Amino acid sequence: MAPPALPPELHSLIIRIATYSPACFDASPDARSWPELERGITTEYQTKKALTLVSSQFLSISLPYLYEVVQVRKSSSMHRLANVLDVTSFGASTSGLRSPRKVEYLFVSTWVFHDGKTEVALFSSLERVLSRCVGLQGFGFYSATPQLMKHNWMTAIPKGVRFVDWNGLIMSLDFTQIVDSISESLTSLRFSKVRVKQKSPSATLPKLTHLSVPEEYDLTVLYDWSMPSLTHLHVKILSSVTLMRVVEHFGNSLRSATLGAVVERTLLTQLATTAQNLEGCTYHFRIGMIQSWQLVRSHPSLQSIVVLVSCFIEGDNEAWLQMSAFCCHLQPLTVANFPKLRRIRFVGFHPSFIRYTKAGARLDELLDAWNLSGVEVRFLEVTDNYECFMFPL
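Under this note's numbering, think of the first position of the sequence shown as 16, with each following residue one higher.
Derived by calculation from the structure, the hints in this document are not laboratory data. Careful, some of the hints might be misleading.
[Stated by the list, open to error] Estimated spans, in silico, between C-beta atoms of each pair:
#1 256 - 309: 23 to 29 Å
#2 264 - 380: 35 to 41 Å
#3 316 - 281: 20 to 26 Å
#4 174 - 310: 42 to 48 Å
#5 214 - 376: 52 to 58 Å
#6 388 - 288: 37 to 43 Å
#7 396 - 91: 42 to 48 Å
#8 64 - 393: 42 to 48 Å
#9 396 - 89: 35 to 41 Å
#10 184 - 132: 16 to 22 Å
#11 355 - 47: 18 to 24 Å
#12 69 - 264: 54 to 60 Å
Everything numeric in this text was worked out from a predicted model, so none of it was measured. Idealized CB from N, CA, C, for every residue including glycine.
Model the full assembly from the supplied sequences, consistent with the hints where possible.
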C-alpha cells in the first residue's frame, strides 16, 4: 500500500529547511560579517538541484528556491543563466503565470579577458540576467577587469536592490550613477577600487544605513552624497577631507564606527566629538593617540568600545613605555565622563604582558574602577583567521 501523499505545503517546508543557507546580505546588513572574498559565498545549489530530480512534484516545489542565491564565475555560466531566465520569463508571460525561477541574490565574479568579444558577450548576458531579476535584493560584483568604460548592464540593476558589494576598478562617475539608480531602496553598501578623476555627481541615498570602505581608496566619490540615515560606518583610509565631511554632515545619525589601522590618529577624537549619538566604536590604538579621549572629554551615548592593540611586544623594553602611554590614553574613560559606557574589549593584548610592572599596576587600577562602575571588560585574542576568542584568565 502506497504511503499517503504529503501536502505540498509540507514538501515545501522540508525543501526550505534542507536548502536554506542565508546569503551574507540577508544574515546581516553589516559588511563586516560579509565574506572577505567572493569564494566565501555559499549557495547550496547542488542540494537544491538534486531535490528537483526526485519527482515532478519536488521539481515544481524546488524551482522557487533553486535560483534564489546565484553565484556566477564563468562566462559560459552567465550565458546559460541568461538563456534559462529568458526562456522561463517568456513562458511565464505567454501563459500568464509567474516565472518560478526567482533570483534574490546575484554574485558575479569576472576575471581578465583575453579579447574584447568575450568581455562584450559576458556583459551583454549580464544585462539580460539583470533585466529578469525583478525581485533582486542583493548584488555582488567582483572583478579583476577595470570597468573604465561604461557598459549597458550598469543601468540594468533593478530597482529594489537593498545590498550592494562592489570590488572592482570603476570610474566614480559611473559608480555614482549605479548607486543613484537604486538609491530609493539601497540600505547597505560596501565598495572598493572606485577611481576618482573628476568631480563626482551628487547622489541622495535616503535609506542607506551601512557604509563600508575596507580598502585605502580615495573617498572623494562620497563628497556630494547625501546619507541622512547612515548609522554604521567602516573605513580604512588614512586621511580624507571627504571622510570628515561625511562625519560632520551625518554624524547625528551614526551609531557605530569602525576605524582601520591606518586611519589618521586625530579621527577618533573628531568622530567622538561630532557624532553625539554614537553607541559603539572600534579602533586601532597607536602611539600618538594618548590624548584622544581626554580631548573628547565626555560623551552622552557611547556604550561599547573595542580597542585593537598591535604595538606591544611581550618582553620588549619599549613595550613598558608604550603601555604607560596606553594607560594614559584609557584614563579618561570613566562612567562620570561617559555615563552610558558598559563594555570595553581589548583585542590582541592581555594584562599578563605587563604584570608586576608600574604600568600593570596602573592598568589594574583602571580595571578595578571599571568593574566597580559596572563596565564589563574582556580581553580577546586575534587568531590567524582574524576571529576573536577570549583569553583564558
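Given a hint of 18 to 24 Å, does the C-beta separation of residue 355 and residue 47 actually sit inside it? Hint holds: Cβ distance 22 Å, inside 18 to 24 Å.
Please test the hint of 42 to 48 Å on the beta carbon pair from residue 64 and residue 393. holds, 44 Å
Holds or violated: the 42 to 48 Å window for the beta-carbon distance between residue 396 and residue 91? holds, 44 Å
State, for the Cβ atoms of residue 396 and residue 89, whether the hinted interval 35 to 41 Å holds or is violated. At 39 Å between Cβs, range holds.
Is the distance from the Cβ of residue 264 to the Cβ of residue 380 consistent with 35 to 41 Å? Holds - the Cβ-Cβ distance for residue 264 and residue 380, about 40 Å, lies within 35 to 41 Å.
Does 23 to 29 Å hold as the CB distance between residue 256 and residue 309, or does it fail? Holds: the Cβ-Cβ distance is about 25 Å, inside 23 to 29 Å.
Is 52 to 58 Å right for how far apart the beta carbons of residue 214 and residue 376 are? holds, 55 Å
That 54 to 60 Å hint for residue 69 and residue 264 (C-beta), does it hold up? holds, 55 Å
Can you let me know if the beta-carbon spacing of residue 388 and residue 288 is within 37 to 43 Å? Violated, since residue 388 and residue 288 (Cβ atoms, about 23 Å apart) do not stay within the stated range.
If you check the beta carbons of residue 316 and residue 281, does the distance land in 20 to 26 Å? Since the Cβ atoms of residue 316 and residue 281 sit about 21 Å apart, the hinted range of 20 to 26 Å holds.
Taking 16 to 22 Å as the stated bounds, is the beta-carbon spacing between residue 184 and residue 132 within them? The hinted range 16 to 22 Å holds for residue 184 and residue 132, with Cβ atoms some 21 Å apart.
Hint says 42 to 48 Å; check whether the CB-CB distance for residue 174 and residue 310 agrees. Given a distance of about 44 Å, which is inside 42 to 48 Å, the answer is holds.
Hint 6 from the earlier list is the only one contradicted by this structure; the remaining hints agree with it.
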